[in-house]
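Trainee: Guided by the hints, dock chain B onto chain A, whose structure is given.
Protein chains in written order, with UniProt numbering: chain A, 1 to 424; chain B, 1 to 424.
If you are wondering where the hints come from, they were derived from the structure by calculation, not from laboratory data.
You can take every hint at face value.
Each pair of labels, with its calculated beta carbon distance range: (1) B:Asp290 <-> A:Ala68: 29 to 37 Å; (2) A:Lys100 <-> B:Ala68: 43 to 51 Å; (3) A:Gly291 <-> B:Glu341: 51 to 59 Å; (4) B:Lys99 <-> A:Arg409: 23 to 31 Å; (5) A:Ala377 <-> B:Lys99: 22 to 30 Å; (6) A:Ser289 <-> B:Lys420: 52 to 60 Å; (7) B:Asp374 <-> A:Ser103: 34 to 42 Å.
One side only, chain A facing chain B, incomplete, derived with CB under 7 Å: (8) Pro151; (9) Val158; (10) Gly161; (11) Gly392.
Please read these numbers as outputs of a predicted model, since none were measured by experiment.
Ideal Cβ positions, reconstructed from N, Cα and C, are used throughout, including at glycine.
Protein chains: 2
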Amino acid sequence: MATAGAGAPAITASSSSFVSYSPFSLRAWRTSHRQPAGRASVNVRCVSSPPAADTSYKTKVPRNANMAKLQAGYLFPERAHALSTIDGYSGYGAEQGEKKLRSAIAATYYPDLGIEDADIFVSDGAKCDISRLQVLFGSNVSIAVQDPSYPAYVDSSVIMGQTGLYQQDVQKYGNIEYMRCTPENGFFPDLSTVARTDVIFFCSPNNPTGAAASRDQLTKLVKFAKDNGSIIVYDSAYAMYISDDSPKSIFEIPGAKEVAIETASFSKYAGFTGVRLGWTVVPKELLFSDGHPVAKDFNRIVCTSFNGASNIAQAGGLACLSPEGLKAMRDVVGFYKENTEIIVDTFTSLGFNVYGAKNAPYVWVHFPGRNSWDVFAEILEKANVVTTPGSGFGPGGEGFVRVSAFGHRDNIIEAARRLKQLYK
Amino acid sequence: MATAGAGAPAITASSSSFVSYSPFSLRAWRTSHRQPAGRASVNVRCVSSPPAADTSYKTKVPRNANMAKLQAGYLFPERAHALSTIDGYSGYGAEQGEKKLRSAIAATYYPDLGIEDADIFVSDGAKCDISRLQVLFGSNVSIAVQDPSYPAYVDSSVIMGQTGLYQQDVQKYGNIEYMRCTPENGFFPDLSTVARTDVIFFCSPNNPTGAAASRDQLTKLVKFAKDNGSIIVYDSAYAMYISDDSPKSIFEIPGAKEVAIETASFSKYAGFTGVRLGWTVVPKELLFSDGHPVAKDFNRIVCTSFNGASNIAQAGGLACLSPEGLKAMRDVVGFYKENTEIIVDTFTSLGFNVYGAKNAPYVWVHFPGRNSWDVFAEILEKANVVTTPGSGFGPGGEGFVRVSAFGHRDNIIEAARRLKQLYK
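This is chain A alone, in the form it adopts within the complex (with noise of 0.2 Å):
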């Protein structure tokens, strides 16, 4: 950090400003601005974690060895930290947040886990950051992911080459290692029967089967993971919506820092669907088969490709944290929470079985032996009411339909209505 000297005021000019008052190092900013010919390549404020001992946990994944390439850090990831303070306005903000914020999401998600404000990425949601972590992971790693599941997994692991050609045959592509999860084994995969892959996607509460795992079953993952030397990267988009006693977060799990990134974001606590708020935890902890500690990479393809979430978005992030915020957002969990007993209560009167729901948004509606894109087409000609094909989160949704908790009261109760009538 450019903050990290306590040397006489400098006049800074970095990529956005020229001048400022900031307390600077020049040993810092050489060292970070590093240019690759001749000098040492270390960019010692990339991630502050200890070089990995002989003796760290490695997973068995390798280095995307494109980022093994890259020369120094990024030319500007240093910013004067007088660019908040004058005026008040930040102008560019660290690629990895704003300080306070990611304090404050440690504080409040992960209180004594282990995590650091240091292993945690803002960002501008929970979407943009699995690509951002593919693209971290290059193409020579395959992945697994749970069948169903949300669909930008695996469309972005297609993107990055990851995977082979689409079999229309099982409607899977080559390469992924598709979980089936399924109201027999409790939405929970047979691990027993699935093949070890470099990175593991895994949603809980899922979307879209509302399924959240339990802390044995995630207790059985995490192991699996280590004993295959696989990264899990854990989505928790959903957690504050678990009503149990089931993990809100993976690092509960002991020993999950060393195998899993965890991916999450304000946009189902807060209505922050549009303005764009996530975050990532990559803890130093989590090493690629050679020793490099994965949130180095990471951290350079956030400054590399993203320049940090808005500043607008991420002081609303920071007033969501703050005690009437975070009242705020459980009042929001809980209106949804209530519009999804109205949906599972109307699907269970017409004798449907529904999963999900308890931990989740989401109802997930069996329809037996039915085409999923038949049974959208007739809810919505015949009821006006726009659900989600289960098979569009992959051949394991085949049969189902998911219905959102998310709306307006009396939008849920007339579409409640309407499906009485439909289904009577």
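Mentor: Showing chain B alone in chain A's frame:
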């Protein structure tokens, strides 16, 4: 669009809202949400470009084979229009940007140039779009950059695996064509010595040299691209700083729509550096070698890896394009141009040769025979003023430092005083 049909009001449940009223076309929905297997895989909504006729000009840039693997469109591109009318809150917006903002950008910056609203993709900034464009192109393309140039082009190329290793002796990555830009060639490369690449990154007015290419030079560049079947990624982030009659958009050059993408930003006009708002123009006329429209694939990238710029930032961007907003932006640009003059006068009075500045907020100061990092350190240590070492932008920047005009007037004046003291 969900609004394409004129049916009865429907209750919709997109991913973000269970119920809301909007006219809805089942046919459009089903076509764009087509499940992968057994049905046509055309995503009609993707980009409204007609199929390329055989007579259309095609670049020689191969389509990223990974993009061709993707089945249909992303599951959630459709948004009920009503989301933006009920209670005034938009929720998830169109990934491509709010319609009004796209229209305003087209009308303000591309009048009479044949650029339509649908060609414009609103983003969270040019830097982010550069990386998304690299993901679009994939790892099997070659690139050219101005030398010196903004580091994001080269770094993102390395990350995507388009390059060879870094070559310490020449301070260049393998498989990147560095187009040398010097005072001797007027900071426009000698194209007769430039090898053909798939993609040409070209920034004008340039960061860091401050040079804006003339109409004649850009005409040569477009012809060069067309002769080679290359795609130009034209970075016009500083276009509003142009004072002379240099083109402000590559699309002022006839034929450019068949060979160029343009990426732009609000950051440097509206003090939006931390707000994160920009846009990229991908004309429907731009085709891969197989005739596939580049815009269709870019739209898929944007839908999969991005969820739109923050709606707050977009509202701000729209305000910037009002008559009052445009005047305010011109005032901001004028203020920084005055700063630029102070910096130019300072160095000129001290006997230095300076370049750029006329059409850009950057002054490119020559220290012949000296190492950029040594000059940077000297100015920092002795005057407490931070510049940016030219060689950080590529080997062609050696012997220069970039001085930025972005700053408060008092600080610019104080920096000028100190520089005069240092180099008197």
